[in-house]
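Visitor: Listed below, chain by chain, are the residues.
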Amino acid sequence: MEPEAVCALRDVSFTYPGAAAPAIQGLDLTIRRGEWVALVGANGSGKSTLAKILNALLIPTRGDCFSCGYRTDREEHHWAIRSRISMVFQNPDNQIVASVVEEDVAFGPENLGVSPGRIREIVRESLCQVGLEEKRRTPTYALSGGQKQRLAIAGALAMRPECLVLDEATAMLDPQGREDVLKILRELHSKGMTLVQITHRLEEILDATRVVVLRNGQIEWEGELPELFERVDRFPEWGLEIPPLVRLTGLLKKRKVLPASCLPSVKELLEHLCP
Amino acid sequence: MSIRVESLCYVYHPGTPLETQALSGVDLIVERGTWVAVVGQTGSGKSTLAQHLNALLLPSSGRVEVDEVPTTAGALAAREIRRKVGLVFQYPEHQLFAETVREEMAFGPRNWEFPEEEIKNSTRKAMDLLGLPQELLDRSPFELSGGQKRRLSIASVLVSRPDYLVLDEPTAGLDAQGRKELLYLLKRLVKEGLGVVHVTHDLELALTMADRILVLEKGKTVFCGTPGSLLDELLERPVRGLCLPPILELVSGLRSYGYSIPYTLDSEELADCLEREIRS
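Residue numbers (the working numbering), protein chains in the order written: chain B, 1 to 275; chain R, 1001 to 1280.
In short, the hints are calculated from the structure, not lab data. Any given hint might turn out to be false.
[Claimed, not checked] Label pairs and their computed distance ranges (CB to CB):
no.: 1; chain 1: R; residue 1: L1137; chain 2: B; residue 2: R201; range: 26 to 34 Å
no.: 2; chain 1: B; residue 1: R137; chain 2: R; residue 2: P1238; range: 31 to 39 Å
no.: 3; chain 1: R; residue 1: D1266; chain 2: B; residue 2: R124; range: 45 to 53 Å
no.: 4; chain 1: R; residue 1: P1017; chain 2: B; residue 2: N216; range: 48 to 56 Å
no.: 5; chain 1: R; residue 1: L1185; chain 2: B; residue 2: E4; range: 41 to 49 Å
no.: 6; chain 1: B; residue 1: G18; chain 2: R; residue 2: P1238; range: 51 to 59 Å
[As the list claims (entries may be wrong)] Okay, derived cross-link-like pairs now, BS3-like style, lysine-lysine, Cα gap no bigger than 27 Å in a straight line:
no.: 7; chain 1: B; residue 1: K135; chain 2: B; residue 2: K183
no.: 8; chain 1: R; residue 1: K1187; chain 2: R; residue 2: K1125
no.: 9; chain 1: R; residue 1: K1218; chain 2: B; residue 2: K183
no.: 10; chain 1: B; residue 1: K135; chain 2: R; residue 2: K1218
no.: 11; chain 1: R; residue 1: K1180; chain 2: R; residue 2: K1191
no.: 12; chain 1: R; residue 1: K1120; chain 2: R; residue 2: K1191
no.: 13; chain 1: R; residue 1: K1191; chain 2: R; residue 2: K1125
no.: 14; chain 1: R; residue 1: K1149; chain 2: B; residue 2: K52
no.: 15; chain 1: B; residue 1: K52; chain 2: B; residue 2: K183
What you are looking at is a predicted structure, and each value in this text was computed from that prediction instead of being measured. Every residue, glycine too, gets a C-beta built ideally from N, C-alpha and C.
All chains, full assembly: derive it from the sequences and hints.
Guide: Here's what the structure looks like:
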């Protein structure tokens, strides 16, 4: 495993018990420290399975996965792996365990046996990172959907992970809630956090340093954002939606109104079109 | 034949410190064979409204009628209303509960006392409609993929042959293809006479699919009309409580910079307008 790798998969396959075909097939992938990897693809392409392999929730049926330097197939490593690679899922209600915000964030470090004084510090820092410090004594049921998802992220951060894996963490949020979560991700990434982001919304991956397209459990394509958006014609076969703004950006590039490097974000388009 | 909502007000926990006015004076008509989108931010009252449409919640004041029967007309009426108005929740896993897909599908129709033979037939039909293979019948709903769970939650409501379908963010978690298929299916069912109430954060989807759009903000109606008239309204002033999809946000930014371009989701049209403006 290269020193900078947070996760390294070597010829990994995974077949669910009783399933005819593997969900992941002969996959090689290295996720390096500080990367923001967007994982996209159709339903059933293997995105969530791959995410669960990264933090040892699923063990490859063939090949090896190393996470944070540990082999995921050894049970004695699972605790270490899962405290270094935290997951955030689509529905925060399934992830929130306590009835008060700060207790929920404290749950993870308490289980790790962290001292009470240190836990207080971690809780405060984690809530600050997601902008919920003022809600620390609020009952969790009283939070909005977006706030709950931010709490779930705080809970993940309280484990002091090296890497955050987000499996459609914004799918159920309203536009404001989504933007709040993305802002947190940008902030975390700028401070060195490794991010693996699974989403169906291409508008949300515009900060990713690398994009991996999965298809039928294999890597169909990988590369950087500008290259991805040069391949819009392949999106339908990859199961990717082409949002109107992406389409418009493509059209304006073809007509030489926009430079080829322009990403399909409102901010970049305004910068180019309103100099 | 329609659902009529008149001056609907709803207060959660009345007379307690937690009292919250969730809806104030909302009017809405959902005819069979039409698609109505309800948009608004979290906490705008969308889900509260949805739950009134099949008598899960009863108005604090005002009224909700389904095919001219008020939802407050007693338990028997409410039972019939719940068959007529199928409700698909936001999270499929909140709705799925049975041990097998077969049981999940049969639960509703058995409740409405459909004959077993008919249940079998309508199960097959509803699963076909949603593209769920029959092989799944003996699987646990919880072993299905996210997209399959979503489609099962819709199939298990359609199997009772409702006249209206209320869906809360039905496309969340579906990929481009799954989303397209579901929207196409709903459009087809609407053509065949189903009334659809589509609760969503996604204004873009509402603008492309719906016949009418209701925008709620803090429990009040801020707009109700056709997608075209909503876009026209945006030319005049911003609509409160409305988060614009990126392409309309861009239009808004460009317009305030001085571009004279329309509010539209049509990227070809926008590209033409922009090119013209820039070259001139």
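Visitor: May I ask which of the numbered hints given earlier this structure violates, with the numbers listed in increasing order?
Guide: none
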